[in-house]
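When you get a sec, could you build the whole thing from the sequences and use the hints?
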Amino acid sequence: MLREDYEAVMGLEVHAELSTKTTIFCACPTNFGASPNTQTCPICMAMPGTLPVLNEKVVEYAVKAGLATGCDISRDSKNDRKNYFYPDLPKSYQISQYDKPLCEHGKIEIETSEGKKTIGITRIHIEEDAGKLNHDEFGGGSLVDLNRAGVPLIEIVSEPDLRSTEEVELYLKKLKSVLEYIEVSDCKMQEGSFRADVNVSVRKKGDSKLGTRTEMKNMNSFRSITRAIEYEIDRQIDVIENGGKIEQETLRWDEVSGKTFSMRDKEDAQDYRYFPDPDLVAIKLSEEYIENIKKTLPELPESRKQRYLEEYKLSEKDANIITSSKYLSDLFEGAIEVCNNPKAVNNWIISDISRILNETETEPIEIPFDSNQLGKLVILIDKGTISSSIGKKVLEELFENPRDPEEIIKEKGWIQISDEGEIKEIVLKILEENPQSIADYKAGKDRALGFLVGQAMKQTKGKANPQMLNKMFLEELKK
91 MLREDYEAVM GLEVHAELST KTTIFCACPT NFGASPNTQT CPICMAMPGT LPVLNEKVVE
151 YAVKAGLATG CDISRDSKND RKNYFYPDLP KSYQISQYDK PLCEHGKIEI ETSEGKKTIG
211 ITRIHIEEDA GKLNHDEFGG GSLVDLNRAG VPLIEIVSEP DLRSTEEVEL YLKKLKSVLE
271 YIEVSDCKMQ EGSFRADVNV SVRKKGDSKL GTRTEMKNMN SFRSITRAIE YEIDRQIDVI
331 ENGGKIEQET LRWDEVSGKT FSMRDKEDAQ DYRYFPDPDL VAIKLSEEYI ENIKKTLPEL
391 PESRKQRYLE EYKLSEKDAN IITSSKYLSD LFEGAIEVCN NPKAVNNWII SDISRILNET
451 ETEPIEIPFD SNQLGKLVIL IDKGTISSSI GKKVLEELFE NPRDPEEIIK EKGWIQISDE
511 GEIKEIVLKI LEENPQSIAD YKAGKDRALG FLVGQAMKQT KGKANPQMLN KMFLEELKK
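Numbering (this note's numbering), first residue to last: 91 to 569.
What the hints contain is simulated information worked out from the structure, not anything from laboratory work.
Mixed in with the good hints, there may be bad ones.
[Stated by the list, open to error] For lysine-lysine, the following BS3-like pairs were computed, each having C-alpha atoms within a straight-line distance of at most 30 Å:
#, residue 1, residue 2
1, K532, K548
2, K263, K294
3, K553, K483
4, K147, K385
5, K532, K553
6, K197, K295
Pasting the structure below:
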């Protein structure tokens, strides 16, 4: 908890892996989860005599990200060598961008509990990802997997405009959403394709000078980022209050202990000894090239949200939730085309689908069923083929084993009972078993009706038509 006389100042360096089919400087595939070291070649292994060639799609995607975040696009850019010991990059340096990034001076607007706020984006540049070290937990050494080495990244560097964990989380979610909408990255945090380095410093309120910052590397969970920031703010304030001095260093967040640990001194730009990569030509972009990319930009979250408010009359809260993810938004729009019932589709996404995603810690991109199946589910309820309570069971089945909802209800025997004679028989039986509820209703206790309907639904395992049950119970109770 931030103490009242202190202010936290934060900036983020977000790394997003680009969804190109091949790596940034060679033709190796970028498929996630392949067997170790099966997606490598002499170029990405930095064999003598090999030369990198820049993947044009990487430039296109980076420019697209820059345009979607309001950046100025550089007409004259280049690649630089960042000299640093990378145990999981065969070259022992990283090809990145230093003083001439592709995109600069952008912004992201977030809606906080205190109103709208603009977070500045300093720059977006391209670079290659490093490989991955697999450590033996019993201390037997480490093995390197170079499949990820050379996978293209954009690094999105924010201004130090963030002041709370709420703002950090909102900024990251908005940025993730934008990248998903423009389809330059799948942003799968669990696979490391969207991760952040978090820079944190504290200062007394009213001070204009920034405090000494620490950096927490490669964080790929909103929950971990929030916990790590809160811990680090408290730690820095304690150090200052006890007369100590904050060291500029790189930290590691330990999820189990809930603490940060020092990894190394934090480097400055001069420590990397940047110089232009002599093997790669400069990146020169024409006005026509940039304009053509601008024309391919899709409808972005903010615009789509505004349309949902006007066209479908969604609440601000619901529109925010649905448009926060391209995958939820596409599911919403596709299902409406099938069933023409925006209100019902909205309710399913906001309530049950969101609940299951949260409970199973599943990302919207991993929803196993499509908009056609969700739309058909809504139609089955609208037609009275199944009840809403059976609809919930069908939805769970769609998450477990996605197929046509009609096939599910036939297979499970879930078709709704709507025969008047059968419903009346159920109603009379429930009334006979619950004389006290009849007396309660006649005494003015309206809740008794709900109890009786609930008992009938329980007896029929949710298959009875609830509207018909309500009507018939009322008819019988008024006799």
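Hint check results:
1. K532 - K548: holds (23 Å)
2. K263 - K294: Since the Cα atoms of K263 and K294 sit roughly 29 Å apart, the hinted pair holds (cutoff 30 Å).
3. K553 - K483: holds (11 Å)
4. K147 - K385: Holds: K147 and K385 sit about 16 Å apart, inside 30 Å.
5. K532 - K553: OK: K532 and K553 at ~27 Å, within 30 Å.
6. K197 - K295: Holds, because 25 Å separates the two Cα atoms, which is no more than 30 Å.
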